[in-house]
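Q: As a plain string of letters, each chain reads:
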Amino acid sequence: MAFKMIKRLTTNLRQNSFLFGQLVNRDFQQRYKRTALGMAWSVLSPLMHLAVMMLVFSRLFGRNVNHYVIYLFSGNIIMSYFRESTKNGMTSLMSNSGVISKINVPKYLFLLSQNVSALINFGLTILIYFFFCLVDKIEFTPAMFMLWYPIVWFVVMNIGIGMVLSALYVFFRDIQYLYDIFLQLLTYLSAIFYTIDRFPAEMQRLFLLNPVYVNIRYWRLVVIDGIVPSLPYHLLLAGYALLFLGLGAFFYKKYNHRFVYYF
Amino acid sequence: MNVIDCNDVSIRYITGDFKSIGLKEYVMRKITHNFYVKEFWADRHITFSLQKGDMLGIIGSNGAGKSTLLKAVTGIMIPTGGSIKTHGKIAALLELASGFDAHMTVRENTYLRGAMLGYTKQFLDDKYDEIIAFAELEEFQDYMFKQLSSGMKSRLAFSIACLVDPDILILDEVLSVGDGAFRKKSGDKMMEILSGGTTGVLVSHSIGQVRELCNKILWLDHGNQIAFSDDVQLYCDAYEEFLATKELPETKEDIVKLAEGFAKRTQKLLHDKQVKESKRLEKVLEKGTSESAVLAAIKILQKSKPEALAPEYAGKS
Numbered sequence: 002m003a004f005k006m007i008k009r010l011t012t013n014l015r016q017n018s019f020l021f022g023q024l025v026n027r028d029f030q031q032r033y034k035r036t037a038l039g040m041a042w043s044v045l046s047p048l049m050h051l052a053v054m055m056l057v058f059s060r061l062f063g064r065n066v067n068h069y070v071i072y073l074f075s076g077n078i079i080m081s082y083f084r085e086s087t088k089n090g091m092t093s094l095m096s097n098s099g100v101i102s103k104i105n106v107p108k109y110l111f112l113l114s115q116n117v118s119a120l121i122n123f124g125l126t127i128l129i130y131f132f133f134c135l136v137d138k139i140e141f142t143p144a145m146f147m148l149w150y151p152i153v154w155f156v157v158m159n160i161g162i163g164m165v166l167s168a169l170y171v172f173f174r175d176i177q178y179l180y181d182i183f184l185q186l187l188t189y190l191s192a193i194f195y196t197i198d199r200f201p202a203e204m205q206r207l208f209l210l211n212p213v214y215v216n217i218r219y220w221r222l223v224v225i226d227g228i229v230p231s232l233p234y235h236l237l238l239a240g241y242a243l244l245f246l247g248l249g250a251f252f253y254k255k256y257n258h259r260f261v262y263y264f
Numbered sequence: 050m051n052v053i054d055c056n057d058v059s060i061r062y063i064t065g066d067f068k069s070i071g072l073k074e075y076v077m078r079k080i081t082h083n084f085y086v087k088e089f090w091a092d093r094h095i096t097f098s099l100q101k102g103d104m105l106g107i108i109g110s111n112g113a114g115k116s117t118l119l120k121a122v123t124g125i126m127i128p129t130g131g132s133i134k135t136h137g138k139i140a141a142l143l144e145l146a147s148g149f150d151a152h153m154t155v156r157e158n159t160y161l162r163g164a165m166l167g168y169t170k171q172f173l174d175d176k177y178d179e180i181i182a183f184a185e186l187e188e189f190q191d192y193m194f195k196q197l198s199s200g201m202k203s204r205l206a207f208s209i210a211c212l213v214d215p216d217i218l219i220l221d222e223v224l225s226v227g228d229g230a231f232r233k234k235s236g237d238k239m240m241e242i243l244s245g246g247t248t249g250v251l252v253s254h255s256i257g258q259v260r261e262l263c264n265k266i267l268w269l270d271h272g273n274q275i276a277f278s279d280d281v282q283l284y285c286d287a288y289e290e291f292l293a294t295k296e297l298p299e300t301k302e303d304i305v306k307l308a309e310g311f312a313k314r315t316q317k318l319l320h321d322k323q324v325k326e327s328k329r330l331e332k333v334l335e336k337g338t339s340e341s342a343v344l345a346a347i348k349i350l351q352k353s354k355p356e357a358l359a360p361e362y363a364g365k366s
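Quick mapping for you: the protein sequence lines, in order, are chains F and B.
Under my numbering, think of the first position of the first sequence as 2, with each following residue one higher.
Under my numbering, think of the first position of the second sequence as 50, with each following residue one higher.
One chain only, chain F, in its complex shape (with noise of 0.2 Å):
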C-alpha cells in the first residue's frame, strides 16, 4: 500500500510540477527575496544562537566534552531545521486558505513546498556546519558519507509532522501556541547543549523516544566520534519517520475533504 502511495505521489507531482516550481519560487520568495539581508540571514542566524549559546554553556558543560562547538551546533541546526519545517508546514493550509476554498489543488502541495525551502535553508547551514568542522579540525572519514540517511528519514518525517500540525491546526487555531510551547521543552530535551552521560543508564534510554534526539545523537556520532551506529539505530530512525508519515497521511486522507469547511 506504501509503495502505492509513492506512486500515486510520484505521478500527482509529475503532473503537477509546474505548479509546485511556482510554490516553492513564491515561498523562496517570500522568505528571503523582501528582507534585504536575504539568503545572509539564514547563514547569520544560527551562527548567532551558537554564539551565544558557546559564551554560556561551554563553561557549564563543555569540559568534558570532545570538540563542543561542533556538538552544541549539530543540536542547533537539526533543532532549528526541525522547528522550521514543522512549524511552516503547521500554517501552510491555513496561510493559502484562499485558494484552497476557491480552486480544486492538491492541498498537500502547500505543505511539500514549504518543506522544500525549509530544506534549502537547512543545507545552507550544513555548509556552515562543515566549514566550523573544518576550522575545528575535526577529522573528515568515510563514515560522514552516512549522513544521507538521517537527513532523508528527517526530512520524511518532518513532512508527516507538518501534515499532522497543519490538519490540527484547521480545527484548532491555538495549536499554534501550544507548539511554541512544545517546541521549548523539546529543545531542553534534545540534549542541545548538555550531554546525558549523567543520567542513570534506563533515563538515557528514555532519550531515545525523542525523534530529534535521535537524529542528533546520529550526526554527532558520525561526525565527532567517526562511528557508524548499529543497525537497529538505523531502523529506529527510518521507523520514527514512517511513523509520521503515516499518521501525516491518515490524518489527511480522513480529513483532507473537511478542511474546507473550517477556513
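Between beta-carbon pairs, the in silico distance windows are:
1. B:Glu187 - F:Gly240: 53 to 63 Å
2. F:Asn257 - B:Met240: 30 to 40 Å
3. B:His82 - F:Glu203: 35 to 45 Å
4. F:Asn105 - B:Gln171: 19 to 29 Å
5. B:His82 - F:Leu186: 25 to 35 Å
Hints in this document: simulated from the structure, not taken from any laboratory.
Where a beta carbon is used, it is the ideal one built from N, C-alpha and C, also for glycine.
Since chain F is already given, all that's left is putting chain B on it; use the hints.
A: Same frame as chain F, but now just chain B:
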C-alpha cells in the same frame, strides 16, 4: 449522457465554537461533557442533471446554499450526503480575487494562478500577453500586486480563469466584475465560451440575466430545493413574485399562482404607470393654450382610446 449529475446532495457545516475555542478548551469541555456542536445544512437533498449545452441558472436569496452547491460541483467540497458526477473539464469562475500574493508582481501572480488552475508553462507562455491585454493591465505588469486597485485585481483573476476551453463553466456572480466596459467584454467572452456547446451553471441575483441566458432553472431556499425545471420564464415570474410577497411555494399550483400573481402585478404596475402618465398629460393640457391643447388631446385619444371619440375624429390624423 448527463454532463452534471447531482443526486440527492446534502452539505452540512459544523458550526458552534469549534474553531474559536481551540484545542485546550476542546479537551477540557470533552472531559466535562460540556462540548456541543451545531449542525447547519447549507444544502439539503438537491437533485438535478444537465445535458451538454445546457445553461442552468441557480436562483435564491442570500444564504440559500447556492455558492456551497457550486463548490460541491467543482469538487472543492465533498458533499456530506448524495453524490455529484461531472464529465469533462471544469472551469470555475468563483469570486477569485482573493488568494493572490500581495508582494509578488502581476506577472508572477499570473503564472502562479495559472499553474493553480492547471495550465502548463507552455500554455501560459503563449497566452500571457493575451491575459494581460484582456485585463487591460499592460502598464502594470511589474507592479506589486498590492498596488493594484480592487477592480484591477478582479479583472486579472477573471482574465486568467476565462482563458480556457472548458466542458463545464461555473459562474458565481462574476459577470459583475469591473467597470461597465469590462463587464460588457467579460459578458461577451462568456457568451463566446458558452456558444461552443459548453455546459454552464450561473448563480445570479439578476433575474434578467437568468431569463436571458438560461434554459434550466434551479430554485433554492435556505438549502432546500424549491424547484428544478426547464420552464425558466414561469419560475422566474414566480420567483420575482416570491421576492415581493415572501410566500414560499410548496406545490406546482403555488408556482403557477405566484406566476399569475406576478403577471397581475406587472399588469397593475403597467396600468398604474399609464394612469400616472395620463394624469401628467392632463396637467400639461390644462396649462396649454386652448386650441393646441384640444388638438393634442385628440391625438392622445386617437392613440390610446379611439372609442371615446366621435367616429368622425377617430380615424383622422
